[in-house]
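From first to last, the protein sequence lines stand for chains A and B. Mind the numbering: the first sequence is residues 40 to 781 in the numbering used here, read in order. Mind the numbering: the second sequence is residues 40 to 781 in the numbering used here, read in order.
No lab work stands behind these hints: they were computed from the structure. Treat each hint with caution, since some may be false.
Same chains, same label: a pair holds when it works inside one copy or across any pair of copies.
To be verified - Below, in silico cross-link-like pairs of lysine-lysine (DSS-like), each with a Cα-Cα straight-line distance of 25 Å or less:
1) K302 to K433
2) K506 to K214
3) K748 to K302
4) K772 to K748
5) K214 to K346
6) K772 to K302
There are 2 protein chains.
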Amino acid sequence: MASEDKIISWICRVTVITAFFLIGFIIGWFARPTTVNHGHASKSFLRDFLDEMQAENIKHHLRKFTRLPHLAGTQQNLDLAEQIGAEWMEFGLDSVELVPYDVLLSYPNKTRPNYISVVDNLGNEIFNTSLAEPIPEGYEDVTDIVPPYSAFSAKGQPEDELVYVNYGRTEDFFKLERELGINCTGKIVIARYGKIFRGNKVKNAMLAGAKGIVLFSDPADYCAEGVEPYPKGWNLPGGGAQRGNVLNLNGAGDPLTPGYPAKEYTYRSSMEDAVGLPGIPVHPIGYDDAVLLLQHMGGPLPPDNWKGSLNISYRLGPGFMDRFKQNKVRMNIHTNNQVTRIYNVIGWIRGAVEPDRYVILGGHRDAWVFGGIDPVSGAAVVHENVRAAGKLMKRGWRPRRTLIFASWDAEEFGLLGSTEWAEDKARVLQERAVAYINADSAIEGMYTLRVDCTPSLHTLVYDITKKVLSPEEGEEGMSLYESWHKRDNSTDRDAPWISKLGSGSDFEAYFIRLGIASGRARYTKNRKTERYSSYPVYHSVYETYEIVERFYDPSFRRLEAVARVRGGLIFSLADSLILPLDCTEYASSLSKYANSIHQLALKHPAAMQQFGISFDSLFSAVENFTVAARDFHQRLDQLDTSNALDVRMVNDQLMYLERAFIDPLGLPGRPFYRHVIFAPSSHNKYAGESFPGIYDALFDIENAVNPQKAWDEVERQISISAFTVNAAAGTLKPVVGQTDFL
Amino acid sequence: MASEDKIISWICRVTVITAFFLIGFIIGWFARPTTVNHGHASKSFLRDFLDEMQAENIKHHLRKFTRLPHLAGTQQNLDLAEQIGAEWMEFGLDSVELVPYDVLLSYPNKTRPNYISVVDNLGNEIFNTSLAEPIPEGYEDVTDIVPPYSAFSAKGQPEDELVYVNYGRTEDFFKLERELGINCTGKIVIARYGKIFRGNKVKNAMLAGAKGIVLFSDPADYCAEGVEPYPKGWNLPGGGAQRGNVLNLNGAGDPLTPGYPAKEYTYRSSMEDAVGLPGIPVHPIGYDDAVLLLQHMGGPLPPDNWKGSLNISYRLGPGFMDRFKQNKVRMNIHTNNQVTRIYNVIGWIRGAVEPDRYVILGGHRDAWVFGGIDPVSGAAVVHENVRAAGKLMKRGWRPRRTLIFASWDAEEFGLLGSTEWAEDKARVLQERAVAYINADSAIEGMYTLRVDCTPSLHTLVYDITKKVLSPEEGEEGMSLYESWHKRDNSTDRDAPWISKLGSGSDFEAYFIRLGIASGRARYTKNRKTERYSSYPVYHSVYETYEIVERFYDPSFRRLEAVARVRGGLIFSLADSLILPLDCTEYASSLSKYANSIHQLALKHPAAMQQFGISFDSLFSAVENFTVAARDFHQRLDQLDTSNALDVRMVNDQLMYLERAFIDPLGLPGRPFYRHVIFAPSSHNKYAGESFPGIYDALFDIENAVNPQKAWDEVERQISISAFTVNAAAGTLKPVVGQTDFL
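One chain only, chain A, in its complex shape (with noise of 0.2 Å):
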């Protein structure tokens, strides 16, 4: 009994430890995380992260940052890309370093300056356009100011006849050579800035046979209504003129290097093989200038509605012009072209899961002078944005793939060194970027958010906008997106606007030429009231500080704001499991751009039946793109994110969904736009354009040399596109079997 009960006792025994080692093994089964865990929680630390950015650390980023000029291939600006590489260090990036390319910049001569005169009949210059701008108060000591100019323009003084030619579009010159009879052969001429890059307008006049282009700013695109000048408001002031580049690059980056980036043992083509130089003189002036040099001249009486606000002043009727007519324009340019190193600031963190997965927030950090908005609002907030990550990570976080935040150069000069460092990196961040958000300056107005950003970003940008506070006064406690909705509504549904990406900034290699998700988003004007182009002080002296501080952007809650909606981007798109892009907002961009390109060759019917024009293989295309992303997002939502490896392949489809867009051949004569969804418009750079290869196919068809010719163009173009489309669906559709026959 007794050996019995020691059995039973024993039996219990083992039972019991039998079963507390099967429930300790249970439990320690299912404990360990099968995938390697995040260690944090995401969401909770993006809170963190949008709260830890703070209007008073802008405005002393800001502040600290526009006290001396910083142009690009200078000593300060080398100074500058230092300073914040060390304090990007500082904040708790795990790396930094400065990254050097030799590019082709251009500078005034020092000792020979550019001017514009006014010649008589003697050949005496009795008017001559001012060399400098007046300099704004405080900052009377500082030198190494560059005068205004246009970078690139060709050497010369040519003299001629001036004519006025608008804005100098594609459309205006068409109206000048076809309605008006006008030839601008030989001549020079002057356009008005605005509306469209001023490259575009260089261009145009080289095209039109002029031999040197001057351009002005008239107030009536560079004053606000009711606003002082500088510095009693935000207008630009008589004195004050537009600096800025005057290259037709189509994305080449350094002129001498297309394609390759500029190292020290680049091979370099010659002046004459440089892409993109014009080939004429070009100068910029003010409208205190363009007012007596135009008082001054002869020429032809510009049509009624070309007059801008100087028309009173400058076009007193024929009669009083004859006094002029022997009058001539000299333009005195000495500008020099020259390769120089510049630096890009390029600061990393390691993602704790996926490493090779890149997020890119960069924007540039050269100025024409002080660059108080252009960039300096947007560098300042891109030093909050790394601030606040690397206070983030020392609280533990650490993203879950990797961040790369860039302060380029030489932007003004061309996007030279974004361009650059993307060529260097090309291979890398084909294959491994996920989204590049850009940058530059992060207020313009005083309006409303405005965000330009590739569709599969739309979802993410609403979501962002609604986690962060309107900075508005009269709206506490409401979110960015209530208050930018109500401000700004799309015209095709009820969400806030949301456009595409032109170019003009940065972002153009990275998502024209290497096809990487992106956007960029910032403070901006009411674009339906305020019709004056861009901001009026824009690339003159008087973008200081004070111009932020005083006017813009006083309690600096603008760029807080601004600063949320990039640091919230680049957070989730660095730390969501399942990468935040939407595919289904793609398939409805692309229906919505296939109708619109559809419905301006309907303007042609004769044309469109006879040469049998269909947009049906267009259409279908996006149809199956709009399936595919449909699946893939119902796929999508049953998937088990416990398996690192199916997170990964249906993220990789999502970060090549862009990629699929790039056509390696390129657009018509454009090689490095080769995005077949989006380029710059070949009619004004800073404009984005939808399937630009079918519209500039169709441009100007009606007046085609050779209409079969023309219209077969037309029709390569919708394969291409269609083709394009199909490709893009087919990367969504399961990894395996999709040989199907679209």
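Once you have looked at the hints, place chain B on chain A.
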């Protein structure tokens, strides 16, 4: 006391229970796999896979697929596609599809045969070449044997004096023009086959101004010594002739849709804008006809070393020729180009762990006639590879990565099927393709193995051939590696000889355009002693089942060995945890190529000095690459292979290494040849050239019209090569913080 005992006893129990719980927990914790397990022992399955492939089966497949002609674009070839597809499904593939494209093909006119005539001074055709080859025994009832022709020849009936141009190589035309003073302008030229791709001969003839070109097979190039003509032996009979396309596509695929897949909706260029079509008539003849044709002709006497084996019969001296001085040659060519539907067969095995990683085995199915060697010796091997893979799947195996099997169409018409599919799927292939193994003819001689592949595959090729037995009699128990090694040692190390990839088969678009690691393997002749071109009956009607069964591989053990090599390669690439690609092999090949191109440049020491040409940047880039490759493999040795994402990350670096050598801008004038390290020679498509950009810039540079410009281009190409090698090195570096300034 009792209670104390009890307490102690309870403490003991609890302790024991806790201990067992903890032990259970710990065991449970560690027992649970943290990565998705492969679920099988890859190595033992490799052995099974290799053993599964058997000579008898390959013999059976070869017999079955060679009964009828299956020219691209014909019903027979569609039937064969369907048969192959159905059998692949039976073998056990997950899915099989026929993927059609509509491409430009070329066929003789059925009612107006092509031939060449000798016309006397009265205009009489005193000799005509034969219209067809004598049909081999056993195939007399077969219809639809296409007569010998040059696919894509221009139509026309040019008539003129005949000029013999030897092999029609660049150097042959240089000799004619520069040394012999013979002008081909307006003449009909005759070239013997061999040494270079026939399309290059035609291009050279056009450049020389010829208005037609006749191609013939000289016994010196198409008969092996001591071998009887077919059917008694495997030499080319006198009535046999070599079919083949005479395009110069430079990788464009379908001539009407360069860069895009030839789908129904795809825009097709006009014939005038088509890529690569010869502008002159071209026609091939056998040596019986060639003797007679040449006997009747005058024309300049060729140099002694050009005479080939026909020298006795066709050149009896100037006196003899006088009789024929007035004779002319007339070509009668009526071949038609027409857009025709072709079909690729694409089969898939879904990868178990990484379905979005593709390993491709592809070879063509279309043949000029029966295709006993080209391509069916290869297609039969693919069939056996698929059968063996299906067999393994039935035993529970499934590869880690996805396997894709392709039976390409219209390879003979310019690699069309494979190139169109590559264009169609470019995006997913770029993102996901690990490697491409080509499976054209598996045998072209009876001596040993021949492998051409990218350097990173060298090590795997050696490993696999060590696991396969020699098929040679008297070598029982010897490995294929050993057998191959003793027959064909490398010139620069103690290992079997492996060559660069050229072109002329379907890997071209995958390797040269898309940058997917590629390789090919076949059984070959003794390249040191057997001097004939390819194999004698190449592209003739005598490529039958019997020629393989009687002469090339009676036991079918050579084909079995090739099947095991190709099969072993795709198995290892698809199933290894870490991709079996060796970057250090790439490094040593780069070093070899850099030295070799430098040596070539050093043949111009004066010019090198005068124009300041330096290869330093290239050598420094190769050094960077070498260090990066070595460091990469060192890190690989320390990799924690239990972390699925870390494994994926290094595999991505390995997969994308080949992609890194792709320059999106392509080689000068050859936009679809984009691999900076390898391209088909500009003078012979079959041959591979390393650093082709530099090579072409240096070619014939001593005769450059503008030496400064020519050497500038050399400098530019060195710079591009150096950058590309540096960029490729960058992809192997740690993925974070790699912004060093190279």
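Right, here's what the structure says about each hint:
no.	hint	result
1	K302 to K433	neither (36 Å within a copy, 56 Å between copies)
2	K506 to K214	neither (49 Å within a copy, 77 Å between copies)
3	K748 to K302	between (42 Å within a copy, 22 Å between copies)
4	K772 to K748	neither (36 Å within a copy, 49 Å between copies)
5	K214 to K346	within (14 Å within a copy, 70 Å between copies)
6	K772 to K302	between (40 Å within a copy, 19 Å between copies)
In the structure shown, a violation is registered for the earlier hints numbered 1, 2, 4, in ascending order.
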